[in-house]
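So the sequence lines, in the order shown, correspond to chains B and X. To convert a position in the first sequence, counted from 1, into the working numbering, add 21. To convert a position in the second sequence, counted from 1, into the working numbering, add 5.
Please keep in mind that the hints were generated in silico from the structure rather than gathered at the bench. The beta-carbon is built from N, C-alpha and C at its ideal position, and this holds for glycine as well. Any given hint might turn out to be false.
Stated by the list, open to error - Computed from the model, here is a short list of chain B residues facing chain X with C-beta under 10 Å:
{"hint": "1", "residue": "Gly257"}
{"hint": "2", "residue": "Gly259"}
{"hint": "3", "residue": "Lys278"}
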Amino acid sequence: MRTRGDLATGYLFVLPVVVSLAVFLIGPIIYALYISFHHFSFLAPDQATWAGLSNYTKLFHDPRFIRALGNTSLYSLGVVPIQIAIALMLALIVDSKIKGKTLFRVVYFLPTVTSTVAVSVMFMYLFKNDGLVNLFLSKAGIPTFDWFNSLTFALPAVMGMAIWTTVGQFMVIYLAGLQDIPQELYEAAEVDGATPWQRLRFITWPMLKPTTFFILIMSIIGTFQVFDQMYVISKGEGGPQDRTLTVVFYLYRSAFKDFDMGYASAMAFVLFLIILLLTVIQRKFFKEETN
Amino acid sequence: MKKKNVITGILATTLAMTALVGCSSSTSDTSDKGSTSGDKFTLRVGGWSSSPQEQAMLDKQIAGFKEKHPNIDVKFEPVVGDYLQKLQPMIASKTEPDIFYLDANVAPDFMDKGVIEPIDDLVKKHNVNLSDYEDAAVQAFQWNGKTYGLPKDYNTLALFYNKEMFDKAGITAPPKTWDELKTDAAKLTKDGVTGFSISAELPRYQPFLVQAGGSVYTDGKPTLNNPANTTALDFIYKDMMGKDKIAAYPKTLGVDWSGDAFATNKAAMVVEGSWLIPHMAQKAPNTKYGIAELPVKEGGKPSNMIFTVAYALSKNSKHKDDAMDLMAYLTGTEGQKVTVEGGLALPTIKAMGKEYSTKYPEREAFVKGASYAQPFQYGVIGSKLTDAANKAAEAIVLGAQPDGKAALEEAQGKLK
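Model the full structure from these sequences, guided by the hints.
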């Protein structure tokens, strides 16, 4: 039987979290929603005027937003599958009985804990016109490119960087998933004479499904929110020719460079709806698969 | 039971809110103290963090002010990272410093929305004479007949040229015209050196554009598609860079800005401001170089740009009079003496400009440039216009647009 005192104690315990969520998360979100329906500048919040849906309709007529959305989708399409494939492969390798696997685990995980800015600066040096990558390419007789200043290669170069940085994190999650698979399944399969490929195809992969679902969602959300890499590499411009401009990047520019916080907030909510939609679709898809 | 939950929840939230409100009001209480003279109080100065040399100069200026006003403590609060991103929330929450740096390029947004204090009355009260300042620099901070800031220093553009490379190529004097620029650049392009480097940015190419009769912003409207504008863009980015390969934009040379291309001997001539001088002293102290006025198009008028930063006064300052004193001191004769000695930028007080010319005769191109310069400012659409115009030049370099005409039409289209 709960008493009044128990109840109060309980609330007291959750109070810090409730308060900090309300103040730093829910409050700002509601305020951002309010802002998104106004012509609103951070310079003069008291001069805000009602804009109705105009911020939202403007988005779909803004070629720069369309380009940003296109870049982000392309980035996500490129990064997510490759990232998952490599993460799974690495997890399988470091889970097997090879020598020095602890070292490999550390090496693959290291980029994840390195700051994005540091990684970006490092990649800028590697992919410079007279950088290390081009040096190797020219030695091997392959044509070189000015990667981050090329209309074609700027975005793929950033994708490569993103894959390299985040693959370690997903490898660790896969590793945890692999270690959760009961060993008996493999033993039984071996008795039945299953080949290593069959074991992978019919035991490991299905058993990893929940892990893959989790990684897929995290990866998609992460790629749709990409910002820092592009910001550092293009020096806050999104160049060349908006080729590395992503939705969050454009949102940031609208808010703080063009002084249009209302428009930026509308962009944030459109991005939120896109991510929500993608997650719901995947959830449905995966549920049907597992049933 | 359920109802009780809700009530407790509401109570908890209200409690939290009151706690927060209590917090914020108590902080403003403390800053209220000492507004009357005699008490010791603090004036906050906001700015972006810059080079150690510039910081040392500001420290010296502030120390000079403190000596005269022992009851005022002046605290510089540098913003590391994006200045505007930090400043805007501070203004929105009324916690901005008493005076702060404001770049002319973004100033119209601040002046138009009236979020900074017009200083005309204070200027009169404190016997500051606006006509002592360079006219273009003051005008950059005037809007609808009101003045919103005192310019602290400025910069213009000039042509930096490498004397050793000039000697080797048998060129005796820096180019004065576009034709000379082209022939010199061709002669200088050899052995891994590119004759001329200029970034694909409006704040570098605009003088060339205006020389050829073009314009960027007239009567409050963008005029990027002015037919005369294409000449300069085609000349620099299509012909010299694209076709003849006697010029390059810094990124193709593997550096971030043309100043670095100059310091690392990758380019023989660059267009930059006097900020390149300390950079050269640090990175390439042994390079012998000269500074000349920008080459002018045959039959065209000389043109230049003025980049200036002012101290703006916060609307919410509790010590507007004292803050004005500080602004007047920092931008006044005594404050700008330090600017002249530091030599990073040019003084905005006309009389001090003469001192600068005598002290650094080799840098007179910057002072001369100021006399025919236009401020780097395009009203409230400044950031969008600059972005579109930068991309236009970049589009030609990268081959995304065939020529200046198409690139500028596209840029103008973005500004509707």
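Hint-by-hint comparison with the structure:
no.: 1; hint: Gly257; verdict: 7 Å, holds
no.: 2; hint: Gly259; verdict: 9 Å, holds
no.: 3; hint: Lys278; verdict: 5 Å, holds
Violation of the numbered hints given earlier is absent; every hint is satisfied by the structure.
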